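K.L.:
Read off the chains here:
Number of protein chains: 2
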Amino acid sequence: MKKIEARLLKGFRDFLPSDMLLRNEVIRIIRNVFETHGFLPLETPTLEHLDILSGKYGEEGDKLIFKFRDQGERDVAMRYDLTVPLARVIAQYRDIIKPFKRYQIQPVWRADKPQKGRFREFYQCDVDVLGTASVTADAEIISVIYHSLKALGFEEFLIKINHRKLLNALLKFAELGDDAILPLCRSIDKLDKIGIEDVKNELTSRGFRSEQTEKIFEVLSPGLGDGGFSLDETEKLLGAIPEGAEAINDLKEIISYITSMGVGGDFISFDLSLARGLDYYTGAVFETFVSKPKIGSITGGGRYDELVGMFINEEIPAVGTSLGLERIIDVVKEHELIAVPRTVTRALFANFGGSAGMEAMKIMSGLRSDGIQCEIYPEAIKLGKQFKYADKLGIPFVIIIGDDELAKSEAMVKNMRTGDQTGIKISELSVYILKYKD
Amino acid sequence: MKKIEARLLKGFRDFLPSDMLLRNEVIRIIRNVFETHGFLPLETPTLEHLDILSGKYGEEGDKLIFKFRDQGERDVAMRYDLTVPLARVIAQYRDIIKPFKRYQIQPVWRADKPQKGRFREFYQCDVDVLGTASVTADAEIISVIYHSLKALGFEEFLIKINHRKLLNALLKFAELGDDAILPLCRSIDKLDKIGIEDVKNELTSRGFRSEQTEKIFEVLSPGLGDGGFSLDETEKLLGAIPEGAEAINDLKEIISYITSMGVGGDFISFDLSLARGLDYYTGAVFETFVSKPKIGSITGGGRYDELVGMFINEEIPAVGTSLGLERIIDVVKEHELIAVPRTVTRALFANFGGSAGMEAMKIMSGLRSDGIQCEIYPEAIKLGKQFKYADKLGIPFVIIIGDDELAKSEAMVKNMRTGDQTGIKISELSVYILKYKD
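The listed protein sequences correspond, in order, to chains A and B. Quick note, the first sequence lines up with residues 322 to 759 if you use our numbering. Quick note, the second sequence lines up with residues 322 to 759 if you use our numbering.
Derived from the structure by calculation, the hints contain no laboratory data. Accuracy of the hints is not assured; some may be wrong.
Identical copies go unnamed one by one, so any copy, or any two together, can satisfy a pair.
[Stated by the list, open to error] Straight-line distance between alpha carbons at most 30 Å, and here's what the computed DSSO-like set of lysine-lysine pairs gives:
id	residue 1	residue 2
1	Lys758	Lys511
2	Lys331	Lys419
3	Lys388	Lys437
4	Lys683	Lys388
5	Lys613	Lys514
6	Lys388	Lys471
7	Lys706	Lys756
8	Lys419	Lys756
9	Lys683	Lys493
10	Lys703	Lys419
11	Lys331	Lys573
12	Lys419	Lys521
13	Lys536	Lys434
14	Lys437	Lys573
15	Lys419	Lys324
16	Lys521	Lys388
17	Lys713	Lys471
18	Lys331	Lys388
Since the model is a prediction, treat every value here as computed from it, not as a measurement.
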């Protein structure tokens, strides 16, 4: 019979145990920070009606939605992010208690061109607060980002913060209409990638007049250098425009709140050129960057007070962020922030078969009841081969219980790191294994 | 603008926080048992090449695979179970250390008719051992089932066990060829649902002669009554046939091993009529049933020594089981086995705005560092409304820090269950909250 080639789709990955143990540990740490901030878990389905997702992610995003017609002729789409499903949830279950603080850790799918660090299936970890316009919620989100990265051991990162209304004020300053906001955001979002000149050209091609583009860069240029942007300088230029004043006020409040919440001042920076590509933001926006390894933003989010209104005739203000698990794991690996063992198994029971084998199983069962991860080699093969298995997996102990040991109610415990063998009373085996730290 | 109706696809579910807290707790308990048995985590992608999945689940199963052509004109399919992707993994990564003990907890998708308790998206929790033909591995799998259910608090359940080779022997006994095994399995798999007479009719329609069907029921009938099946009686009838003898021997060994592993004898039962619908089983098979609520099997699995051979020219024997998370949760709910709070938040800080609000944020940040789940109400609204929020969510404490309290370095802590208010030194707040048990 012809064999089917065992292979993966491009852009999709298996996570073998060595990967999974690290991923689970990173998720455990992040989830713990989410919960200490009072966020509650939510999960939404992989498939949604297509109309729930389409039209929310901008023209480029929409094209990347995995969509198909299902067996019942319904147009369905695979989860593209965790924000739009959340907006759908809050619109659908009207009795959810607000403010609603939820976290969500699930994979999303994008039919993007796979390349280094970019996959078609990847996890996002989102936190959002819905039902309050207070910037205290914005501050809580930034606190989650900061404390998550700190808990993971990150030493160097920068949370950049900006405000969509400052960009609106910038448009007014340049005598452009509100409808220029999306072209402006999409273009200046590319400043890092394509540089000032190409962004200027792009704005021209999007219909901006050259004096308008110049006005925009009159405000932007001073901050694009090494010194960075100054909130005070920006206030001088845009503070007279009502939206600008409102944004400056929001940002100042957010900064004083996050300072109270223990967010270190060196880890946060105002950046007027931060635009966020997505269409639905309405207030503060934030992204996090690291300098090593060279990857894009590791978190992205902001306030989106009008998204829920696409589903219902009620304004439910909202703010949140996504933590990009895959990139965060890249940083954890690059800086070796978390050490995980190759296996969870603490002890391998050698298998001698027959009644000794069954005695070993009984003793193993007792250790498991004490919470110790252990297993018996499934076959009564040569001891050397059983040791080799323990060694390859990195199991710290092999427990040998043959007839001689049984006669003495003992087990011979071999420490696989040191090679030492010690006779231990069977009744003291759990304590012996539990007290050993790697 | 026309609103898009916020709604779900049929057969798909949202898990709101109250559901999720229970689901996470059940998964935590199950995962802990998996790990104490030495199983390691694995995850595989949601999408696979269609040819990886098709032809593995029988004619009926194949029809239920969610499949589509993706943007790159590839035929892709959504994960239908966790066993076939595992077989693909072991075939693809030849250097995986064997025996390979892996667990996997992920959703799967089936384009089935949705009905009570049957969904199109649901979680499976699988454990499998690959690379050994020893029935010690079969015993480990049954031990995992038993200890998982016990750890969840199940008092009543029955793990039914049978062996595909006994059914092969049954065919020989009825003078049928080996190719009759799949029709036989598929029909007797329905005994519970459609009864003896209809199964006999179905066998006739599948081409079994009436004397052959009678021979089959000569062996099956005695066990189908209240007394159940006897391994000894079955041995008398089928033990002379080599495959029957082999199966009986396997089953006896498995039973003695699981007894050593602490599996209670009352929770396991031999059942010659247990067939498992899937095509790929080759040895022992097992399913678990509860009497309340009335649902189908809550676990299903067995030995499948030939599945990996569909991908590579090497036999990699394998055995495993799936735990059906959704049905297990149904049982947990029915018997109220696990109590979860409505929220993880232990304390709500009242928000008075201004400098008092910022002081509260500082103190809150300290509590979070001590691992306490807490939050501040995002708006400085009337205290009554803030209390109401805590009450509705079931947050046990509200912490009030106004100017008076600050002057005394105290917080007023309101216990929302008892209504008591106590002044607590801010430096002792964490200890006070931590020592309180619900």
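K.L.:
Any hints this thing doesn't respect? Which numbers, in order?
P.N.:
Violated: hints 1, 4, 6, 9, 11, 12, 13, 14, 16 and 17.
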